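Whole structure, please, built from the sequences with the hints as guidance.
Just so you know, the sequences run in chain order A and B.
Heads up, the first sequence is in full-length UniProt numbering, so the first residue is 1 and it goes up one at a time.
Heads up, the second sequence is in full-length UniProt numbering, so the first residue is 1 and it goes up one at a time.
Hints in this document: simulated from the structure, not taken from any laboratory.
Predicted, not measured: the structure shown is a model, and the values here were computed from it.
Warning: the hint list may mix true and false statements.
One copy or any two copies: either way a pair holds, since identical chains are not told apart in the list.
[Said to hold, decoys possible] Derived lysine to aspartate or glutamate pairs resembling EDC-like cross-links, with alpha carbons at most 20 Å apart:
#1 11 to 106
#2 21 to 89
#3 21 to 90
#4 11 to 89
#5 83 to 103
2 protein chains.
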Amino acid sequence: MKVLEEKILSKGTVLPNNVLKVDGFLNHQIDPELMLEIGKEFARRFKGKGITKILTIESSGIAPSVMTGLVMHVPVIFARKKKSQTMVDDLFTTAVFSYTKGERQEISVSKKFLSNQDRVLIIDDFLANGEAAYGLAKIVEESGAQLVGVGIVIEKAFQKGGDRLRSKKIHVESLVAIDSLANREISFKKHKEVQFQ
Amino acid sequence: MKVLEEKILSKGTVLPNNVLKVDGFLNHQIDPELMLEIGKEFARRFKGKGITKILTIESSGIAPSVMTGLVMHVPVIFARKKKSQTMVDDLFTTAVFSYTKGERQEISVSKKFLSNQDRVLIIDDFLANGEAAYGLAKIVEESGAQLVGVGIVIEKAFQKGGDRLRSKKIHVESLVAIDSLANREISFKKHKEVQFQ
Numbered sequence: 001m002k003v004l005e006e007k008i009l010s011k012g013t014v015l016p017n018n019v020l021k022v023d024g025f026l027n028h029q030i031d032p033e034l035m036l037e038i039g040k041e042f043a044r045r046f047k048g049k050g051i052t053k054i055l056t057i058e059s060s061g062i063a064p065s066v067m068t069g070l071v072m073h074v075p076v077i078f079a080r081k082k083k084s085q086t087m088v089d090d091l092f093t094t095a096v097f098s099y100t101k102g103e104r105q106e107i108s109v110s111k112k113f114l115s116n117q118d119r120v121l122i123i124d125d126f127l128a129n130g131e132a133a134y135g136l137a138k139i140v141e142e143s144g145a146q147l148v149g150v151g152i153v154i155e156k157a158f159q160k161g162g163d164r165l166r167s168k169k170i171h172v173e174s175l176v177a178i179d180s181l182a183n184r185e186i187s188f189k190k191h192k193e194v195q196f197q
Numbered sequence: 001m002k003v004l005e006e007k008i009l010s011k012g013t014v015l016p017n018n019v020l021k022v023d024g025f026l027n028h029q030i031d032p033e034l035m036l037e038i039g040k041e042f043a044r045r046f047k048g049k050g051i052t053k054i055l056t057i058e059s060s061g062i063a064p065s066v067m068t069g070l071v072m073h074v075p076v077i078f079a080r081k082k083k084s085q086t087m088v089d090d091l092f093t094t095a096v097f098s099y100t101k102g103e104r105q106e107i108s109v110s111k112k113f114l115s116n117q118d119r120v121l122i123i124d125d126f127l128a129n130g131e132a133a134y135g136l137a138k139i140v141e142e143s144g145a146q147l148v149g150v151g152i153v154i155e156k157a158f159q160k161g162g163d164r165l166r167s168k169k170i171h172v173e174s175l176v177a178i179d180s181l182a183n184r185e186i187s188f189k190k191h192k193e194v195q196f197q
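Structure, rendered in structure tokens:
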């Protein structure tokens with residue numbers, strides 16, 4: 001997605017340990033128009049797949065997911081990392097390790113929002129080691145719903161998450177795939193490579 | 001906002017201790033079309049005020065905020081409750097007490113996203129005791145930006161938050177104001193009362 005690559009090049013910065021900082025438009029300050037374009041692109045890539053629900057995880061997945069839900073006319077569920085006072089229903093729960101936060105977290109979704117009638121698209125802002133997406137996929141599996149695919153805004157293609165999901169025959173679509181952040185330079189995977197994979 | 005009142009009556013439930021559960025469309029599962037309507041309504045109520053930024057707090061404030069930002073063509077910042085690995089810049093930080101989670105939390109915003117040139121609209125899903133909105137207002141004040149107003153999706157008008165903000169001459173707009181949740185029944189404040197306050 002060219003507009004997103006340009007935004008990453010103009011506004012993103014690389015921190016040590018292969019951390020890409022995109023807090024100017026994606027995960028602290030948010031560019032709503034860009035989120036809508038992202039939503040349109042996910043809707044285009046998963047068109048005709050009969051998706052009934054989008055599943056994401058708080059907090060950075062919410063903005064791209066809600067725009068995708070708007071375009072696709074389906075509800076969005078965000079998995080909670082911390083149970084709130086109103087989460088009194090039965091829950092699907094799984095543990096995921098957050099490398100950015102350096103801790104293991106339980107993520108939960110109320111059982112009443114996913115059923116074996118649902119066809120689910122998982123969306124998240126980043127795919128690196130795949131922990132969050134994998135945890136969400138486990139919740140979808142536990143619910144009996146069909147996992148249609150995983151839509152990722154920025155995939156760090158040099159980390160293992162993409163392979164981990166694709167090796168399970170999960171359909172992963174990344175709007176941008178980053179090949180390398182070495183020497184604090186951003187290098188994108190060529191589009192054709194991504195298409196023909 | 002009539003469509004929102006109807007949604008609350010049809011999908012909301014009241015838990016003990018005056019907790020209104022709206023996890024079917026606002027803060028766990030999200031209805032994106034309703035969020036867009038909410039965004040349009042906030043944009044209408046704060047039209048012509050020269051707003052340059054929307055400020056909210058993760059996670060439930062993000063969906064209504066990002067839709068409002070889309071309609072108003074301004075960026076959205078969400079305050080973080082937990083510092084991520086990429087929050088390496090100088091931060092505005094304040095402590096707020098979360099009654100729903102029963103704990104004190106630090107909330108933070110990168111200094112680079114708020115300046116004394118900004119005119120800020122704070123948006124949140126609920127206003128009860130006003131802790132979150134008040135904390136966000138303190139961050140706006142610390143940044144030197146102008147606080148234009150506070151937009152709330154659901155105000156619990158029987159709790160002290162609204163008075164607390166309005167007594168500081170802050171312009172608060174609630175899309176729905178709830179008068180009482182006594183006996184686990186939802187009673188809305190009459191529209192005219194809200195208008196003439």
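How the hints compare with the structure:
1. 11 to 106: For residue 11 and residue 106, neither the intra-copy (32 Å) nor the inter-copy (27 Å) Cα distance is at most 20 Å.
2. 21 to 89: between (36 Å within a copy, 11 Å between copies)
3. 21 to 90: between (36 Å within a copy, 15 Å between copies)
4. 11 to 89: So residue 11 and residue 89 pass the 20 Å test across copies only (15 Å; inside, 41 Å).
5. 83 to 103: Intra 16 Å, inter 13 Å, cutoff 20 Å: intra and inter.
Hint check: a violation occurs at hint 1 only; the rest are consistent with the structure.
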